Amino acid sequence: MRRRSAWLYAAALCAYAFLYVPLAIVVLYSFNDSRLNAEWVGFTLAWYKTLFADDQMITAAGNSLLIGIVASFVSTVLGTLAGVAMHRYRLRVLPILIVAPIAIPEILTGVSLLIFFVMLNFTLGLGSVALAHIAFCIGFVAIVVRARLAGMDETLTEAARDCGATPSQAFRRVTLPLIMPGVVAGALMAFTLSIDDFVITFFTAGAGTVTLPLQIYSMIKISVTPEVNAVSTLLMLLTLLLIVVAAKISPTLLRTAREP
Amino acid sequence: MALLDIQRVTRRFGDFTAIDDVSLAIEAGEFFTLLGPSGCGKTTLLRMIAGFDLPDAGRILLNGKDLADTPPERRPVRTVFQSYALFPHMTVEGNVAFPLEMARVPASERKARIEGALEDVRLQGFNKRYPHELSGGQRQRVAIARALVTHPAMLLLDEPLAALDAKLREDLSIELINLQKEVGIAFVYVTHDQSEALALSHRIAVMNRGRVEQLDEPSKIYGFPRTAFVADFIGHCNLFGGPVANRANDVVTVDVADLGPVRVGVAAGIANAAKGTVAIRPEKIRIAASAPEGTPDNHFRGTVEDLLYMGDVTVYRVSTPGGAKVEALLANSQSGRAKFFEVGDAVEMSWPVGAGHFIPE
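Those sequence lines, one after another, are chains C and P.
Counting in this note's numbering, the first sequence runs from 305 upward without gaps.
Counting in this note's numbering, the second sequence runs from 3 upward without gaps.
Honestly, the hints are just simulated from the structure, not real lab data.
Hints may contain errors.
Stated by the list, open to error - Some, not all, of what chain C presents toward chain P, calculated at C-beta under 7 Å: (1) Ala451; (2) Ala454; (3) Gly455; (4) Glu458; (5) Thr459; (6) Leu460; (7) Glu462; (8) Arg465; (9) Thr470; (10) Phe475; (11) Val478; (12) Pro481.
Predicted model only: the values in this text are computed from it and were never measured.
C-beta atoms are modelled at their ideal positions from N, C-alpha and C, and glycine is treated no differently.
Same shape as in the complex, but just chain C (with noise of 0.2 Å):
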């Protein structure tokens, strides 16, 4: 037993390594006196000076942070509804419709979005991509709404007509407010998603517009200098950051919402 116990964990060890491994080498050489990524030469903040001059990359990162608040922000009030709808109408036709995106492929996404866009004489740009993001982010906040939803009783909201309520104020009064750890998880989760999306943006972006992953695309197309990783770095960061926040603020807040 004690063997197998060591192998497992040999193994585990293995896959974590393989995982952020590759992150730590980011980070670490993020703060590496030298060009290359190839020896440690001495600590330094260099890269995150020569970043924050960099004009195209500061565009690039003010135009994800634009995409991303106005795609979350769009896709959280559409994704809330959607997942308000698939719990209340119990079409089994619903749920596929409004989860599907998320099980196609991003490059059939991007692909059929571009070619839509094109059709409809749409001009490619921050416009364009934050369509699509709204588009593909939808589907993630309807599941944790729904999921939120599903753990609501049903009565609380018969009880806020029963008091006179309209449907739309017993949904702003009482159903909302439950739901809220859900639609901000969901608000989190699709500004993550958008902020970092390559490949859907990439179709979609058209020639003049850059986003953060597709300025660093670019850029290690040359080569790779610690510029990227200082921009990696930060940007691994602020997608930690979001998910701590909405892993916090879920489980906080379900505990107090929900009687024992």
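Given chain C, put chain P in place with the hints provided.
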């Protein structure tokens, strides 16, 4: 005119008829109970009064006005839900204030109304608590306060005591009776618990399979059940069915296959029936070791087969030579001993014609 008039209401769910052509009227200020086993349609009827469900046929009138096009929020009735359905993200005060806010009661007036409602249910000082910080009984009081705060025309209570333990249930039953008297609002109370129904109500509608079997005062429901179902559902009852062998001087003799002829008094107005059932409550049967004096109207011998010692009373299941099972009940206070008989004892059972009740078929 009745406060609430239910006229020939039917409600179907697929092939299942939940409410089958029900008509009844509820008066203002009345404590009215819908009593029946689960699935009898009582909750469906309550939901239709509240507006969460609509009849497939028939009408529900409140103060003479058809409610068909009135959504739940505009009906002057309030529901106390079985699960209480308190808003978990609001305090006690927030919950009670909610209907006032929806009714656009000015903020200056709300405070006094909230305090009044909490006083009605004896729950002052709990304003800032959240539902999860309250006991089951306290939550139930909040639910009632929330329902009463806007002074509705009618309060609908869906098994509000079902989730509470027996002792608390009794206390709250008494409080409910007093509260109803105090506020003077019509209560429509749904329950499957017959003792609750008998204790609380002015009138009871006993429901079975979507129909009202009997609508009467509690004492009439208990003493004069109109159908075998009602007799059996309300308390314990011996039911002896068979063809009517003889009828003379308002006494009917029913020929019960495994027991023998059973004689029972009938009201003068009752139509001649070829068949029927004699209902006799266990506590109305005299059970003794020796034969009764004189010639009783009904007299049977038997052997105690089972007994249930309940503390205050003992229930005996007696089997007769013919194979009939008769349930008889004896109060234990009549004797210094805890029990009168043991399993296997031979006993004599007797009762007068007036003790039974004839249900024609």
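Hint check:
1. Residue-level restraint check for Ala451 (chain C) is violated (minimum Cβ-Cβ distance to chain P is 18 Å; threshold 7 Å).
2. For Ala454 (chain C), the shortest C-beta to C-beta distance to chain P is roughly 16 Å, which exceeds 7 Å, and the interface hint is violated.
3. Because the closest C-beta pair between Gly455 (chain C) and chain P is about 12 Å apart, greater than 7 Å, the hint is violated.
4. Hint on Glu458 (chain C) is violated. Least Cβ distance to chain P is approximately 9 Å, over the 7 Å limit.
5. Because the beta carbon of Thr459 (chain C) sits about 4 Å from the nearest beta carbon in chain P, less than 7 Å, this interface hint is met.
6. Satisfaction of the interface hint for Leu460 (chain C) is found here, the shortest Cβ-Cβ separation to chain P being roughly 5 Å, below the 7 Å cut-off.
7. Contact between Glu462 (chain C) and chain P, as hinted, is supported at the beta carbon level, the nearest pair being about 6 Å apart and thus within 7 Å.
8. Hint status for Arg465 (chain C): holds, given a least beta-carbon distance of 4 Å to chain P, under 7 Å.
9. The criterion of a C-beta within 7 Å of any C-beta in chain P is met by Thr470 (chain C), whose closest approach is roughly 6 Å, and the hint holds.
10. Annotation: Phe475 (chain C) was flagged as interfacial toward chain P, and the flag is violated, the nearest CB pair being 13 Å apart, outside 7 Å.
11. The beta carbon of Val478 (chain C) is positioned within 7 Å of a beta carbon in chain P (closest approach about 6 Å), and the interface hint is therefore held.
12. Taking 7 Å as the C-beta contact cut-off toward chain P, the hint placing Pro481 (chain C) at the interface holds, the least distance being around 5 Å.
Hint check: violations occur at hints 1, 2, 3, 4 and 10; the rest are consistent with the structure.
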